[in-house]
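Novice: Could you put together the complete structure from these sequences and hints?
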Amino acid sequence: MYPLYRIKSKHIIVTALVGGIFLFSFRGPLEAVIVMFSRQLTVSPQAVLSQIYKLQEENLSLKLQISQYTQLEEDNKRLQEALGFENDKKIELIGSEIIAFSPSDWRRQVMLNAGSTKGVSEGAFVVDQKGNLVGKIMEVKKNLSVLLLVSDPDFNLPVIVGAKGVGMLKGDFSGAKILYIDSEDEIASGDIILASLPGYGTTLKIGSVKKIQKNNNDLFWEVDASLFMKTVYFKRIFIVK
Amino acid sequence: MKRKSIRLSILLLLLFFLDIIRPLGYSLHVEFACLGLMFIALNEKLWFTLTIGFVLGYLKDSFLPTGGCFYCLELPFLAAISCGLRSYFFLTGKKAYLFLAKSIVVTFFLTAHIIYNSLVVGFTEFSMCFSFFIQSFFCYFMMEALLDKPGFFKSSVYT
Numbered sequence: 001m002y003p004l005y006r007i008k009s010k011h012i013i014v015t016a017l018v019g020g021i022f023l024f025s026f027r028g029p030l031e032a033v034i035v036m037f038s039r040q041l042t043v044s045p046q047a048v049l050s051q052i053y054k055l056q057e058e059n060l061s062l063k064l065q066i067s068q069y070t071q072l073e074e075d076n077k078r079l080q081e082a083l084g085f086e087n088d089k090k091i092e093l094i095g096s097e098i099i100a101f102s103p104s105d106w107r108r109q110v111m112l113n114a115g116s117t118k119g120v121s122e123g124a125f126v127v128d129q130k131g132n133l134v135g136k137i138m139e140v141k142k143n144l145s146v147l148l149l150v151s152d153p154d155f156n157l158p159v160i161v162g163a164k165g166v167g168m169l170k171g172d173f174s175g176a177k178i179l180y181i182d183s184e185d186e187i188a189s190g191d192i193i194l195a196s197l198p199g200y201g202t203t204l205k206i207g208s209v210k211k212i213q214k215n216n217n218d219l220f221w222e223v224d225a226s227l228f229m230k231t232v233y234f235k236r237i238f239i240v241k
Numbered sequence: 001m002k003r004k005s006i007r008l009s010i011l012l013l014l015l016f017f018l019d020i021i022r023p024l025g026y027s028l029h030v031e032f033a034c035l036g037l038m039f040i041a042l043n044e045k046l047w048f049t050l051t052i053g054f055v056l057g058y059l060k061d062s063f064l065p066t067g068g069c070f071y072c073l074e075l076p077f078l079a080a081i082s083c084g085l086r087s088y089f090f091l092t093g094k095k096a097y098l099f100l101a102k103s104i105v106v107t108f109f110l111t112a113h114i115i116y117n118s119l120v121v122g123f124t125e126f127s128m129c130f131s132f133f134i135q136s137f138f139c140y141f142m143m144e145a146l147l148d149k150p151g152f153f154k155s156s157v158y159t
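Chains as they are written, first to last, in the numbering used here: chain A, 1 to 241; chain B, 1 to 159.
Relax, there's no trap hidden among the hints.
Listed below are the simulated DMTMM-like cross-link pairs for lysine to aspartate or glutamate, each with C-alpha atoms no more than 20 Å apart in a straight line: (1) A:LYS230 - B:GLU125; (2) A:LYS177 - B:GLU125; (3) A:LYS141 - B:ASP61; (4) A:LYS211 - B:GLU125; (5) A:LYS136 - A:GLU97; (6) A:LYS170 - B:GLU125; (7) A:LYS210 - B:GLU125.
No lab work stands behind these hints, which were simulated from the structure alone.
Specialist: Given below as C-alpha cells:
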C-alpha cells in the first residue's frame, strides 16, 4: 500500500484545484437535478394539474391587473385621459407549454404549443407563473410559436432601471446586460428592472441589477443584470395577448 | 457493419432528441448530438462520419428559426478534420497514448465548435464557453465509457 506521508502537498493542492473547478462548472446541472427530483416527489394527477394551471392563469391575470390599477393611481391627472382609452383593455393570457428547446447551446429559443389558432401574435410578451418577463414571440405558426428568451444574445428591449434609469436590455446567455444607461442616472445594485407592457399601461418585472461599473471616459454605465426567470423551473408559461 | 451503422444512426437521433427536450433546461451546457458525432469521428470511417455530420447539421439548422445553413457547413467539416487527426495520432502513436490522442481530438472539436458558434452569434461569454468545454469534455468520456463495449459500438480502428 502507498504510504500516506508520501503524498506530496502540491499534489493535494492541484487535485483540490482541479476538483474545485470541475465541481464549480457543474453546480447548475446539480441544482437542476435536485429541482427535477423534488418535482417528481410532488407529482399530482392530470386533472388536479390542469385545475392548478387554470387557477395559476387566473391568479396571474388578476395580479397583473392589480399592478395595472396601482400604477393608474400613481399617474397624474394630465395622463389619465390619454391612458384611460387603452387601460380599459383587460389583460388576456394564453396558457402554453414548452414542447422543445433549440438544439444549439448558443441560442436561447424554445417552441411553444400555441400558435395563430389560439391568437398568438408575433412580438407578444411571455411571462412565467410569477408574472416575470420570460421573452417575446419571434415566429408564429398555425399550432406552434417560437419564443426568444430574455437571455438570448439577439434579445433587445428598452427597460426602466430603478427610479430614473432607461436603457437597452440585451441577453448574454446566463443573464443580461443593460446598455446605454446615462452615467448621470442614479442606479444601484439590486434595483429592479422593468419593461413596459405596450397597450396596457403597466410594467413587467425582468430582473435586478447585479453589478455596475464604469471607466473614467465612458458615457454609459456597464450594467450586469440577473434575471428572475429560470428556464429549468418553468414548464408552463403565459403569452400576453 | 450495416447493422452497426443503423445502431449508431439511431443513437445519434436519440442524442438529438435529448438536445431538443433538454431535461435540465439551459443549466447543462452540452450538445449531446455533437458528442455523438465526435464519438463517430473517433470510431468510424470518413464517409460515414461526413454523412452523419451533414444529416445532423441539417437537422439542427431546420430546428433553428433563424435559418441559414451554419451547422450543415460546420459539423461535416469538423467531423472530417477530427477523423483525419484521429488517423494521424492512431497510426503514428503508441497504444499507451490512446487517451491523450482522443483528448486532443475532443479538445480540438470542442474549441473549434465554441469559436465558430461565438462568431456566428457575434457574442462571446467566457464563463459559458468554459462551462461548455468542461461539461462536454466530461460527458464525452462518460458517454464513451458507456458505449465503447465489445460487440456493441466498439470499432476496429484501434486494433
